[in-house]
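Peer 1: Sequence:
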Amino acid sequence: MGRITLRNVAKRFGDVAVIPSINLEVEDGEFVVFVGPSGCGKSTLLRLIAGLEDVSGGVIEIDGVNATELPPARRGLAMVFQSYALYPHMSVRKNIAFPLKMAGMEPAEIARKVEAAAAVLNLTGYLDRRPGQLSGGQRQRVAIGRAIVREPAAFLFDEPLSNLDAALRVNMRLEISELHQTLKTTMIYVTHDQVEAMTMADKIVVLNLGRIEQVGSPLDLYRAPANLFVAGFIGSPKMNLIDGPEAARQGAATIGLRPEHIDLSGSAGIWRGTVGIAEHLGSDTFLRVQVEGIGMITVRAGGDTDLRHGDAVWLTPQPGRMHRFDADGKAMA
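Adding 195 to a residue's 1-based position in the sequence shown gives its number in our numbering.
For the record, the hints were derived by calculation from the structure and aren't laboratory data.
Backbone N, C-alpha and C define an ideal beta-carbon position, used for all residues, glycine too.
It is possible that some hints are incorrect.
Listed below are the simulated SDA-like cross-link pairs for lysine to any residue, each with C-alpha atoms no more than 25 Å apart in a straight line [as the list claims (entries may be wrong)]:
#1 K398 to E474
#2 K398 to A526
#3 K525 to H456
#4 K296 to K308
#5 K398 to F276
#6 K433 to E474
#7 K398 to N203
#8 K289 to E310
#9 K433 to Q513
#10 K379 to T394
Ranges between beta-carbon positions, derived for each pair [claimed, not checked]:
#11 G515 to M491: 22 to 30 Å
#12 H504 to S460: 16 to 24 Å
#13 S330 to G299: 50 to 58 Å
#14 P266 to K525: 38 to 46 Å
#15 A306 to G259: 47 to 55 Å
All chains should be built: construct the whole structure from the sequences, respecting the hints.
Peer 2: Dropping the structure here:
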């Protein structure tokens, strides 16, 4: 079991409320991602759940038990840090076994659990190496293995891929997702990378200044952002946000259009613009188009487009794809 409930959880450092008050349900077996910009409180919230920080108010329940005052070792959670936190003088086998050895488990049982975790993480051939002989991705798998052997109620990941290069990040993202499908254990994952959030999560929690802006599945947040913050944060490239007279014509303070929801033509459309930068990504090309009276609009085109800097184009929003926001930044029906 791994159900985690937060009721009015708050954290203050002196007079500064970094988390004013949060209510959240993490269901057993869910993969939940906390996402938001730097300083939004996502890592602090994870540390409150882990017991590495004391709450200033509210209640944290784990499987129905009030864990607010419990020390980290008694919460049944396992945390994986950005820095790996491996012992350089120990082998992979000993690093993975360390928490079990400290718990006084029998050597035969420790060996069984270590071998099982290594098999899940494709580390069997590396058990006798030391961390310095491993790649960054392999070291992160060792850190995850050390968490797996504890058989926790939930795994807590604090930006675990931040130290890896782009290719390794993609591979590890897939491996962690596969691990979740294998173990069926609750996972809470912190990242500032909304692509990681969109591709890994069952449920995303978008945080801003210590407050929850929206909770939902990746597609929920993509299709129906609750406000301008979520609209501008979720999606890559980000949603085009347009205000002024153009938005007023739609009865809104701001309208939003995703780059893939704008049709492109060389001869006719609603807005005339001039192509600026073209970002060729293989299957797609993203064009930055300067539209008079509106500003810069990002548009998704095919990867084989031959449009160049300075070309004239016409843009037309797709019917039913426009998002409208009021003067307070909230989504309108």
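Peer 1: Look at each hint and say if it fits the structure.
Peer 2: Cross-check of the supplied hints:
1. K398 to E474: violated (30 Å)
2. K398 to A526: At roughly 20 Å apart (the allowed maximum being 25 Å), A526 and K398 satisfy the hint.
3. K525 to H456: Between K525 and H456 the Cα gap is close to 21 Å, so the pair holds against 25 Å.
4. K296 to K308: Measuring from Cα to Cα gives roughly 11 Å; hence the hint holds.
5. K398 to F276: Between K398 and F276 the Cα gap is close to 21 Å, so the pair holds against 25 Å.
6. K433 to E474: holds (14 Å)
7. K398 to N203: Roughly 20 Å separates the two Cα atoms, so the pair holds.
8. K289 to E310: With Cα atoms ~11 Å apart, K289 and E310 stay inside 25 Å; holds.
9. K433 to Q513: holds (17 Å)
10. K379 to T394: holds (17 Å)
11. G515 to M491: 22 to 30 Å: Holds, since G515 and M491 (Cβ atoms, about 24 Å apart) stay within the stated range.
12. H504 to S460: 16 to 24 Å: holds (18 Å)
13. S330 to G299: 50 to 58 Å: violated (33 Å)
14. P266 to K525: 38 to 46 Å: holds (41 Å)
15. A306 to G259: 47 to 55 Å: For A306 and G259 the Cβ distance comes to about 34 Å; the hint is violated.
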